[in-house]
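So the protein lines, in turn, are chains D and E.
250 is the number that full-length UniProt numbering gives to position 250 of the first sequence; each next residue is one higher, with no gaps.
99 is the number that full-length UniProt numbering gives to position 99 of the second sequence; each next residue is one higher, with no gaps.
Hints may contain errors.
[To be verified] Stretch-level coverage of chain E by chain D, calculated; a stretch enters the list once three of its residues show a Cβ under 8 Å from a Cβ in chain D:
#1 188–196
#2 204–214
#3 250–261
[Stated by the list, open to error] Looking from chain D toward chain E, a few residues come up when the C-beta cut is under 8 Å (computed):
#4 A3
#5 E84
#6 Q110
#7 L131
#8 L132
#9 I209
#10 T210
#11 A254
#12 A264
[As the list claims (entries may be wrong)] Sample of chain E residues with no beta-carbon within 12 Å of chain D, all distances over it, derived:
#13 G224
#14 E280
#15 G282
Honestly, the hints are just simulated from the structure, not real lab data.
Positions of the beta carbon are idealized from the N, C-alpha and C atoms, including for glycine.
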Amino acid sequence: MDALMQFVFSGLTVGAVYALVALGFTIIYNASDVVNFAQGEFVMLGGMITVFAFDAGLPLPLAAILAIVATAAIGVALNKFAIEPARGAPVVSLIIITIGASILIRGATQVLFDKQLHRLPAFSGDDPIHLLGATLLPQSLWVIGGAIAIFIALWLFFTRTLLGKAVLATANNRLAAQLVGINTGFVMTLSFALSAAIGALAGVLVTPITLVSYDVGVGLALKGFAAAMLGGMGNPKGALVGGLLLGLFEALTAGYISSQYKEAVAFVVILAVLFVMPQGLFGQKTTERV
Amino acid sequence: MKVTNTALATLMVLGTVTGAAADIKLGASLSASGPAAFLGDPEAKTLYMLVDDLNAKGGINGEKIELVIYDDGGDPNKARTFATRLVEDDEVVAIIGGSTTGTTMSILSVAEDEGIPFISLAGAIQIIDPVREYVFKTPHTDRMACEKIFTDMQNNGITNIGMISGTGGFGASMEAQCVEVAGNYGVEILVQETYSRQDADMTPQLTKIKSTEGVEAVLNPGFGQGPAIVTRNYAQLGIDLPLYQSHGVASDGFIELAGKEAAEGVRLPGTALLIADIMEEGDPQKEVVIAYKAAYEEEYGEAVSTFGGYAHDAFRLMTDAMTRAGSSDPSAIRDALEATSGLVGTTGTYTFSPNDHLGLDLSAFRMLEIRDGKWTSID
């Protein structure tokens, strides 16, 4: 029982990290149908910029805000200089552009900063919390709480605000959205800024646990993408549940079967789900083109 | 400084800086970027620094050294291409490099075919066992790390252990070596777990080890972020058993990443470089280690690492051999290398022979323990 709780805590911590990355995917996907593979790089940038600003003497909250704003600006730049000029290109081409952007960001980061691993101090100390016979680090609560808070904010944004609905409308049919007076260019810029900011915030939250270096983005993007696919691409609820489930699969496999099969089992489960439900657990048919 | 070096290296690669005074060409292929950058980056910096220093002092027998460095990014295919280019286009007389075992294996086949002396900076025992005519290496093997650790366990009466290893090349190779030699030290491995390179939480694996009956200590071969996270999770779970890490984490960065409290009591085999400040007077390595550490830290403003030390030793071995060979003929350099005797480096004291191209024994490895966020020697 104690062991089970430990596996669950571990799974939720790791799963929340995946969920945060998956939530970032959601927004850009919703606005443009593009899976932005530079999402992992946004997370990395959030962590790296915060680490260097913090080391330079800024207080942690200020360093975090600086990182989030700077990353959002990079997100906007990515849209302006790479995605927008390629407007009208097939979605696959746009996805390849984001892969290129991720390689560029990674390269620039290792030149601008360095190639070492870094960490941030945990926000509320390192003393483990003992709960139900298992232990949990306070930082895990920050990550899980962060994932839930961003999920709620996004859910409200997409369902309760005009702007959020404009994003969905743009995804659904750009021309129709323009015809009803939606500034689709602005919607795209906004989604890139928002997605990058969420990625960066995720980076700030997870760096005390996972550490950060210029090349962590690829792995995170892959797991976040898997989580998003599992939950249903483009759905905040799907991103959250998909991420947490993926984390739990991994932890339970490592705990009860063998850590050798951890990754494999998680992906087998995802494939199995996608065979039965190609839309993912919460996939919405409403985002299909008409 | 870094920018100048990079620019200089680029120019050298383009062949625009031939340097009339540069008479001896030394080649290197290192993983200065990519997943093994934390190995290759300090290694490249060390070589640049030492070449500048040597040339400023008049070079070898009055001849300057010209360094040609390529960045193979940890890719064995690129390493092979660069090794070939070093030999055929740049016409180097010797090669240093191969930050990882994979890239080393690529370079060594070129060096063997072309008859160019080659000193590797990678760990695996296969590089020098069996002995190859032109291939030498500076770091201890992973098997020696296992032996050093098991010796310490034996001294502490530990016989049953659990292992948690990284699945990367280094972790997997060392895991296999440890399993192979454990029996010689009366150590039994009761449980074996693994983690992959970017795992964020190892508590499930550690919980399994913790609940395995009879485990008296835990051994973690691996490098990168994994061992730091293992160490933190170990403290989080309150596991009250000795934790042994490998020499793959032997740098001050590890203590910082793992956190001072969590790292308390962690033991690992490391080189003298880590304990330069507390080495005893009269230790033969003290002077060399302190000189290198001071020069590197002044030049680059970052902490020196064991890996840069491997490059330092390789460069010293190579230039020492060139000096004694008295010519820049590759086979003369090779013969001089093999005759190296008692050369003091940061990693240990090297004495090569026709059937030993590593030239170090276990005494060069120091058993270290982290106390109050600092390295201490427990030999």
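Comparing the hints with the structure gives:
no.	hint	verdict
1	188–196	holds (count 4)
2	204–214	holds (count 5)
3	250–261	holds (count 5)
4	A3	holds, 5 Å
5	E84	violated, 30 Å
6	Q110	holds, 6 Å
7	L131	violated, 12 Å
8	L132	violated, 13 Å
9	I209	holds, 6 Å
10	T210	holds, 4 Å
11	A254	holds, 4 Å
12	A264	violated, 11 Å
13	G224	violated, 7 Å
14	E280	holds, 31 Å
15	G282	holds, 34 Å
In this structure, the earlier hints numbered 5, 7, 8, 12, 13 are contradicted, and the remaining ones agree with it.
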